[in-house]
Amino acid sequence: MTEQPFKLLHLPAVALRNVLQFLNPFDLFELSQCSQKATYIIPLSGSRKFKLVVNASPLSISVNDHVFHIGYNRSPPPSWFLKRTWKFMDSTVRVVYLSRQQLISYWDDRFVGLKTVFFHLSKIFNCAIESAKFYSIPAVIYMSIIDFISSRQSEIKELFVGGENLTDTNVTEIFERLRVTDHLSMCHRFSMPPPSISLNSKSMFIWNSGWITTEHLNSMKNGIVIHLDHSTLTDDKMTLFLNDWKSGQFPNLQYLYIQSTFLSKTFTPLGLPPLQDTVNPQFHMKTILGVEKFIY
Amino acid sequence: MTSPASSSEVKYLIESSEGNTFDVSGAALRQSNTFNAMFLNIGADGPIPFTDYNEATLKKVFEYCEHSVNEENYSGPKHQDDLSKWDLNFFNEMDQKMFIDVINASNFLDIERLTSYCCERIARMLRGKNTQEMIKVITLPTAEELEAKQKVEEKKAAAAKKVAEKAAETAEKTETLEELPVQQLVQTTRNKLTRKYLSFSNE
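Residue numbers (the working numbering), protein chains in the order written: chain V, 1 to 296; chain B, 1 to 203.
Derived by calculation from the structure, the hints in this document are not laboratory data.
Note that the structure is a prediction, hence the values are computed from the model and not measured.
Treat the hints with care, since some could be wrong.
Said to hold, decoys possible - List time: in silico SDA-like cross-link candidates among lysine to any residue, alpha-carbon distance up to 25 Å:
1. V:K7 with V:L23
2. V:K7 with B:K149
3. V:K37 with B:V137
4. B:K129 with V:D65
5. V:K51 with V:V291
6. B:K129 with V:E158
7. V:K37 with B:K97
8. V:K202 with V:Y257
9. V:K7 with B:F108
10. V:K7 with V:G46
11. V:K237 with V:Q282
12. V:K293 with V:T181
13. V:K49 with V:F22
14. B:K129 with V:T116
15. V:K123 with V:W80
16. V:K37 with B:E153
17. V:K286 with V:F262
18. V:K37 with B:K151
19. V:K7 with B:D52
20. V:K123 with B:A123
21. V:K87 with B:E147
22. V:K202 with V:N252
23. B:K151 with V:K202
24. V:K37 with B:R124
25. B:K136 with V:W86
26. V:K37 with B:A157
27. V:K133 with V:S99
28. B:K97 with V:K123
29. V:K123 with V:M192
30. B:K97 with B:Q132
31. V:K7 with B:E147
32. V:K87 with B:F108
33. B:K97 with V:F6
Said to hold, decoys possible - Output of the computed footprint for chain B on chain V, the stretches with three or more beta carbons under 8 Å from beta carbons of chain B:
34. 12-23
35. 26-32
In this text, a Cβ means the ideal position worked out from N, Cα and C, and glycines have one as well.
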C-alpha cells in the first residue's frame, strides 16, 4: 500500500485508539498541533496513564521517557538538527529535536517557557502529574504551577518544595492543597514553626529542618526514610522520639538521619553506644525505596 | 453449510453486501471475536450475514485469517519489521480504499492481529512527520481552510436566518388573519356546551 492521504479521524474508535497507541509522545504532540479535532483524540492513546514529571535540572518536562527541554532563545540550535515550529498555549516557538527522545523549545524567559509547556502538555495528554522536582524558580511561577496541579489532583507522588522567595503562607498553602505520597524534598526554612502541616510521605528530605518540632516528627508515622538537616532537636526531644519509635509508633521507618548542632556531644540513642565505629568505620549500603543509602 | 462444531474442518458460509456467499474455514473464522461471541456456540442457520462489507474486503480479511491459522496465539502488537514476507505482500498489494475497508471489517469482526497490524502501518505513516506533513497524510483541513469554511458557514447561517425571519413574518400575518374565525368558533362552541351542561344539571 502506498502512502496516500486518508481520513484518520474517520477510523472506528477502536482502530483509531490502536493507531494512537503506536505513537510516542512527540508524535502525539505533533498530531495535536494539526487541528482542534486532532487534539481531542489524543487521550484515546491512553495518554491519561502517561507519567508527567517536571524537572528543575535541567529545566524540562518528561512525558514517559520523552523529554521536552526548555532552552534560552539566545542560543541558536545547530543547523543539522531537525527543526519544528510548535504552538504551546498562545506562544509559537522554535523546537529542535536533539535525539529521538529529547527535544528543546526556545524561550525568551525559560521559567515562563517551563510553565507554558507544562500547562500545555498536561492539557493535551490529560494525565496526572507524577512528580514536580523543581526549586530555585521564582515563587510566582512556582505557585502558579502548584495552583495548576492542585486544580487537577489532590495527591502527587513526588514534590520538591523550594521556589525562590516562597513565603511561609505559600508553603503552608501547598501542603493544604497537595498530599505528597512518596517523596517530599524541602529546602524552605519556615521563620516560625507552622501549626500543622501534613508530613506523611514515605520518604522525607528536609534540608533546613530547624523548624521541625517533636509534633512534626510525630506526624511522620508513615515515614520509611526521614532525613533532617540543620535540625534544632535537642537530646530530650530525640530521646522522646526514639522512645516512640521503640514502642512501635513508626513501624515503617528504615532510615533515620538527623543532623543537629543542638545535640550534646555525649548524646547516644537510647543510651546505647554509638553504632558508627569512628576508629575503623565500616559502611554498609542498603537500597531503600530504590535509593542506595549508607547505614551503620 | 454451517455447524456449531468447532472442528477446523467445518466450513461456514459468509454473505457479503452484494448478497454473494463464500466458504470460510471454522479455524479462520474463530480468529474473529465477533464471530466467537455470536455464532460459535449456537451455530448459524444459513449463511452468516456480514452484509456491511463487500465480498472483496471480506475475502481479503479471511485470506489473512486462513493464513494465520497456524500462527501462535496473538500476544500483543508486533513491530512492523517483524512481519513475514507473506504479511508484507498482503499489505503492499492493497490499495488505499481496500486498506481502509479491511481495517473497518477487521475492526467489526474484532480480529485483533489484523487490526493491530493495519493500525501499526497507519502509525508508521505518521511517525516522524511534521505538522504540515501529518495534515496532508490524514487529510485534515489546514487552519486557513478551516477559516474559509467557517466564513462560508457563517454566510450560510446569516442567509438562513434572513429566510427564517421572512418566513416567520409571513406566517405571523397569515396567523392573525386565520386565527380570528377559529378562536371565535371555539368560543361559541364552548359557550353552547356550557349552557347545555347547566340546563342539564338544573333538570
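* Asked: Which hints, by number, does the structure contradict?
  -> 6, 11, 15, 17, 23, 28, 29 and 32
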